[in-house]
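K.L.:
This is what each chain is made of:
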Amino acid sequence: MPNDECRLTGTQPPADAQSTIDNRQSKIPRVGVFVCHCGINIAGVVKIPELLERVGTMSGVVVTKDYKYCCSDPGQQMIRDSIKSDKLDRVIVACCSPTLHETTFRNACGEAGLNPYLCEIANIREQCAWVTADKDEATTKACGIVRTTLTKVVHDQPLEALTVPINKRALVVGAGIAGIQAALDIANAGYEVVLVEKEPSIGGHMAQLSETFPTLDCSQCILTPRTVETGRHPKIRLMTYSEIDSVSGYVGNFKVKVRQKARYVDFKTCTGCGACLEKCPGRTESWFERGLVRGKAIYRLLPQAVPNRPVIDAKACIYLTKGKCGVCAKVCPTGAIRYDDTDKFVEEEVGAIVLATGYELFDATKLGSYGVGRVPDVIDGLAFERLLSASGPTSGDVKRPSDGKVPKKIVFVQCAGSRDSTTGMPYCSKICCMYTAKQAILYRHRVHDGQATICYIDVRTPGKGFEEFYKRATDDGIQYLRGKVSKIFREGDKVMVWASDTLAGRKVELEADMVVLATAVVANPDGVALARKLKTQIDAHGFMTEAHPKLRPVETLTAGFFLAGCGQGPKDIPETVAQASAAAAKVLAMFGNTRLTHSPTTAEVDEEICVGCGYCERTCAYDAVKVDPARKKAAVNAALCEGCGACAVACPSGAMTHKNFTKKAIFEMADQF
Amino acid sequence: MKGTLKVDAKDPEGTIRGLFARWLKEDRLSAILTPAYSASGTATMALVSNPEKLAAAAPLMPAMGVNSASIVAEIARESSPNAKVGLFLRSCELRAVVELMKLKQVMPDSLVLIGVDCPGTYKAAGFRNVRGKDADFDNKHVREQLGFAGNVDFRMGCQMCEYPKPLVYDLNVGFIGLDPDKELWVEAATDKGKALLEGVEVNESEEPAGRKAALADLSAKRKAGTARRIEELDKAMLGPEKLAQYFSDCLNCHNCMNVCPVCYCRECFFDSDTFQRDISEHVRVSLRKGVTRMPSETLLFHLTRMNHMMTSCVQCGICEDSCPVTIGLATLFKKVSQNAQQAFEYVSGRSLEEPLPLTTFRETEFLKVGEE
Numbered sequence: 000m001p002n003d004e005c006r007l008t009g010t011q012p013p014a015d016a017q018s019t020i021d022n023r024q025s026k027i028p029r030v031g032v033f034v035c036h037c038g039i040n041i042a043g044v045v046k047i048p049e050l051l052e053r054v055g056t057m058s059g060v061v062v063t064k065d066y067k068y069c070c071s072d073p074g075q076q077m078i079r080d081s082i083k084s085d086k087l088d089r090v091i092v093a094c095c096s097p098t099l100h101e102t103t104f105r106n107a108c109g110e111a112g113l114n115p116y117l118c119e120i121a122n123i124r125e126q127c128a129w130v131t132a133d134k135d136e137a138t139t140k141a142c143g144i145v146r147t148t149l150t151k152v153v154h155d156q157p158l159e160a161l162t163v164p165i166n167k168r169a170l171v172v173g174a175g176i177a178g179i180q181a182a183l184d185i186a187n188a189g190y191e192v193v194l195v196e197k198e199p200s201i202g203g204h205m206a207q208l209s210e211t212f213p214t215l216d217c218s219q220c221i222l223t224p225r226t227v228e229t230g231r232h233p234k235i236r237l238m239t240y241s242e243i244d245s246v247s248g249y250v251g252n253f254k255v256k257v258r259q260k261a262r263y264v265d266f267k268t269c270t271g272c273g274a275c276l277e278k279c280p281g282r283t284e285s286w287f288e289r290g291l292v293r294g295k296a297i298y299r300l301l302p303q304a305v306p307n308r309p310v311i312d313a314k315a316c317i318y319l320t321k322g323k324c325g326v327c328a329k330v331c332p333t334g335a336i337r338y339d340d341t342d343k344f345v346e347e348e349v350g351a352i353v354l355a356t357g358y359e360l361f362d363a364t365k366l367g368s369y370g371v372g373r374v375p376d377v378i379d380g381l382a383f384e385r386l387l388s389a390s391g392p393t394s395g396d397v398k399r400p401s402d403g404k405v406p407k408k409i410v411f412v413q414c415a416g417s418r419d420s421t422t423g424m425p426y427c428s429k430i431c432c433m434y435t436a437k438q439a440i441l442y443r444h445r446v447h448d449g450q451a452t453i454c455y456i457d458v459r460t461p462g463k464g465f466e467e468f469y470k471r472a473t474d475d476g477i478q479y480l481r482g483k484v485s486k487i488f489r490e491g492d493k494v495m496v497w498a499s500d501t502l503a504g505r506k507v508e509l510e511a512d513m514v515v516l517a518t519a520v521v522a523n524p525d526g527v528a529l530a531r532k533l534k535t536q537i538d539a540h541g542f543m544t545e546a547h548p549k550l551r552p553v554e555t556l557t558a559g560f561f562l563a564g565c566g567q568g569p570k571d572i573p574e575t576v577a578q579a580s581a582a583a584a585k586v587l588a589m590f591g592n593t594r595l596t597h598s599p600t601t602a603e604v605d606e607e608i609c610v611g612c613g614y615c616e617r618t619c620a621y622d623a624v625k626v627d628p629a630r631k632k633a634a635v636n637a638a639l640c641e642g643c644g645a646c647a648v649a650c651p652s653g654a655m656t657h658k659n660f661t662k663k664a665i666f667e668m669a670d671q672f
Numbered sequence: 000m001k002g003t004l005k006v007d008a009k010d011p012e013g014t015i016r017g018l019f020a021r022w023l024k025e026d027r028l029s030a031i032l033t034p035a036y037s038a039s040g041t042a043t044m045a046l047v048s049n050p051e052k053l054a055a056a057a058p059l060m061p062a063m064g065v066n067s068a069s070i071v072a073e074i075a076r077e078s079s080p081n082a083k084v085g086l087f088l089r090s091c092e093l094r095a096v097v098e099l100m101k102l103k104q105v106m107p108d109s110l111v112l113i114g115v116d117c118p119g120t121y122k123a124a125g126f127r128n129v130r131g132k133d134a135d136f137d138n139k140h141v142r143e144q145l146g147f148a149g150n151v152d153f154r155m156g157c158q159m160c161e162y163p164k165p166l167v168y169d170l171n172v173g174f175i176g177l178d179p180d181k182e183l184w185v186e187a188a189t190d191k192g193k194a195l196l197e198g199v200e201v202n203e204s205e206e207p208a209g210r211k212a213a214l215a216d217l218s219a220k221r222k223a224g225t226a227r228r229i230e231e232l233d234k235a236m237l238g239p240e241k242l243a244q245y246f247s248d249c250l251n252c253h254n255c256m257n258v259c260p261v262c263y264c265r266e267c268f269f270d271s272d273t274f275q276r277d278i279s280e281h282v283r284v285s286l287r288k289g290v291t292r293m294p295s296e297t298l299l300f301h302l303t304r305m306n307h308m309m310t311s312c313v314q315c316g317i318c319e320d321s322c323p324v325t326i327g328l329a330t331l332f333k334k335v336s337q338n339a340q341q342a343f344e345y346v347s348g349r350s351l352e353e354p355l356p357l358t359t360f361r362e363t364e365f366l367k368v369g370e371e
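As you go down the protein sequences, you meet chains C and F in turn. First residue of the first sequence? That's 0 in numbering that gives the first Met the number 0, and the numbers climb one at a time after it. First residue of the second sequence? That's 0 in numbering that gives the first Met the number 0, and the numbers climb one at a time after it.
Simulated from the structure, these hints should not be mistaken for lab results. There's no promise every hint is true.
[Claimed, not checked] Straight-line alpha carbon distances no greater than 25 Å define the calculated BS3-like cross-link-like pairs of lysine-lysine that follow:
#1 F:Lys52 to C:Lys625
#2 F:Lys288 to C:Lys662
#3 F:Lys83 to F:Lys52
#4 C:Lys483 to C:Lys534
#5 C:Lys140 to F:Lys83
[As the list claims (entries may be wrong)] Quick list of the computed label-pair ranges, beta carbon to beta carbon:
#6 C:Lys254 to F:Asp270: 37 to 45 Å
#7 F:Ala226 to C:Ser485: 27 to 35 Å
#8 F:Glu73 to C:Glu607: 49 to 57 Å
[Claimed, not checked] Computed, partial: chain F to chain C, Cβ under 10 Å:
#9 Ile70
#10 Glu73
#11 Lys181
#12 Leu299
#13 Leu302
#14 Glu352
Where is the CB? At the ideal position from N, CA and C, for every residue including glycine.
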């Protein structure tokens, strides 16, 4: 095949000749191309000698070298040496994806005195060798990829990495066990933490649980030491009954506006004596008790609440809705009731944000055939936790909601919503197999002659001590019935469950006193709304997306945002705590620097051309571009810009460009094929 | 507020001029941008501020040289709260003004949008001959209502226009479906519009059934005609080779871009140095194919313009009128923009609130492309 690229130039021009490649550049570039074999990953398919020969004839290329593993120390040394000896001012490494080793090779170039942004990666592994079978085709394709990269690299300008100062304070959103753990880890390292929780007290769903699998230790007993420590930690600023209103700024320098909801109780004056709780006549649904009992208008979630201060639900309070009553104010010994309280806004400045927004259980009333809402004795897993809990509405006695009788037969239904594409939740909720086994065991502890049947699809026990725990359940006489439940309905004072027994190959009808559904774990809707507001990525089910599923599991693609707990996906307590500590470690690693570096390949605006139409501003996912309405010019906040290029694509006139991704370079690259 | 307005002396255009005079005299508007006759007797636009000089204004003139949204973009780029300019414009022009407002190229605060029914217009070039010496041509034109749908002398954009009545306006003046010698139909949609009708003798009533039917009928006939034209276009243009051929006469003059009311860039990307190549690059490209068409990149220019304009294109067809080699741009842009806008459930210029399709995202869009 003739080499088009050398037809015009003929022979290799000397280093000081005037360029014909780019008339804006006075000096012809001296490019070195280093081809990596990647063992046989590349060399097994691409004919390396032929590639080197063809690349060697390309205009601007002064040296070509190959090596078995360029990313190894000798490989990097070869590049460093060549930069010096061959006086290279541009480097191309033809190897694997830039997501893997771009930083490696750019650093190597930097060490040899070449600006790192004058080094480009030609991906001939993932985009060529791995996806092309024919050796000749692969070689030609690799040649094309290098030629295209060569076109880009000659347009590249030297850039300096940006640095920004770091405000070494962290914000943790959500004070369930994930948020508590992350906040404690960061605070114990000596940094201030703002911990924001939407409920009046901290602890999240873990505070609702009775005992935890697979050790059966009391949830409250292991949680309360953490909540107490959080409440009194000098480095933690706890803001309960508060929500994130807005976040602006960028990594290291966020400005957060927190809305502190009206509590109608002065936390400083209140002593938490509880006199108001006794006397309040207002009634409302209790979120915490999962609707098993009616709560009061002035309430705290649990006796061990941190902070141990009640708040008033304005919608249920008789005084606030009708102007009469005022009992709480009358009985309060310290005069802490404030009926004129309003929402307050507090501004906080932080450098990193941990999103620990948690989960909710899927609204099982949407599973029509399971009778939730119509049959009072069909409840979900969290409600059953409250029935088992010593601090719950029945003080730990298992009594069914309809008539308070002790249920002698309970059917547990697994995968209620999960692993079902028709409900939109095709994923496994991960914790249900274990907590259902636990609930059945605990039920049998409470009701010795009780009969527990668990309808399941598969039992999944991938955790330390999990399989042994499942064995304990089956040994305890708990009946496991493999098959999906089709219908649950009421007959007299019984709850009937239609299911299939797929092992016996028959349909079964089970009679029960009560049914407990292991409803699907879904991302907390408030967390989803927050993620949307912060423009951080969520997946199709509302769970926040990590930057890389394997290698960056607690970071997000937005710099400075970290993930912990079920907001990222269903997980149990040990996993949640581990992830929270990992997120804290990431925050601390960031706080270990004095300044943060930021890639300089950001967008920039040519003000001569910009007409301020705002397409860029409205397409930017990072709030990095703003149009000044008076001047009608867009401006890029380089510290916020992640260099995704969306604005440059949206800009019709080309006023918005991307450093080292100029449209001219891209057009010329496209022209190479 | 809506109702009929009595027409004096069988002169609807004169009656509208009377409204103009009142608004200017009473200082409700500081000036009015209106169609007018040029000194040589063809279509132009005028900004009238002196009520004594309204004779030049021809609010019902059935000819169009530019889409006046371009003029509005020039005069109302900055907001100036003191001026109050009435824009007496046709449907396609107002739709373009709305798009430009969304693109922040027109500041709405000093403008009052006064729409007028437009059954179709002739090209400005040659209009002198169509009109001849008939001083009452404009009024006669609005009387001939049955001929609107099938008039093949209209601009191609007008022949395909589905919106003879403006979509967004403060005040609209209509005549389609009425006897314009006797009455006009006025409709104020906003407080600004109502303020203009204050003191004007309007017989308030519901929109006459005859008007609704006439508008619907005109729209339906135009849609049928458009479908037929797009079918013919598909035969002539679909496929990469035919597409290249469709544009093969292009002179690269960029007239279509210059006259486009919503093509708003200060400097076109195609005039930037991105496309400035030295001779060796041109030769390299030529070497690859043996022969390359010059001027180069004309097809890319048109494809890019389609790409940039498809969601905001108001399908006025002024691009085709300005093309020196008569490339069928009106039908092409009709097809492209209609398809793109349907995909986003968007109609350019339909509403000021509707976000521009490319700046927003619905979770349900394009389900068929990805996983359903």
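K.L.:
Taking the hints in turn, state whether each one holds.
P.N.:
Now for the hints, and whether the structure bears them out:
1. F:Lys52 to C:Lys625: Given that 25 Å is the threshold and the Cα spacing comes to 45 Å, the pair is violated.
2. F:Lys288 to C:Lys662: 24 Å, holds
3. F:Lys83 to F:Lys52: The hint holds at about 18 Å.
4. C:Lys483 to C:Lys534: 38 Å, violated
5. C:Lys140 to F:Lys83: Roughly 63 Å separates the two Cα atoms, so the pair is violated.
6. C:Lys254 to F:Asp270: 37 to 45 Å: 41 Å, holds
7. F:Ala226 to C:Ser485: 27 to 35 Å: 50 Å, violated
8. F:Glu73 to C:Glu607: 49 to 57 Å: With a Cβ separation near 19 Å, glutamate 73 of chain F and glutamate 607 of chain C fall outside 49 to 57 Å, so the hint is violated.
9. Ile70: 17 Å, violated
10. Glu73: 12 Å, violated
11. Lys181: Where the cut-off is 10 Å and the nearest Cβ of chain C is about 45 Å from lysine 181 of chain F, the hint is violated.
12. Leu299: Since the shortest Cβ distance to chain C is 9 Å, the answer is holds.
13. Leu302: 13 Å, violated
14. Glu352: 14 Å, violated
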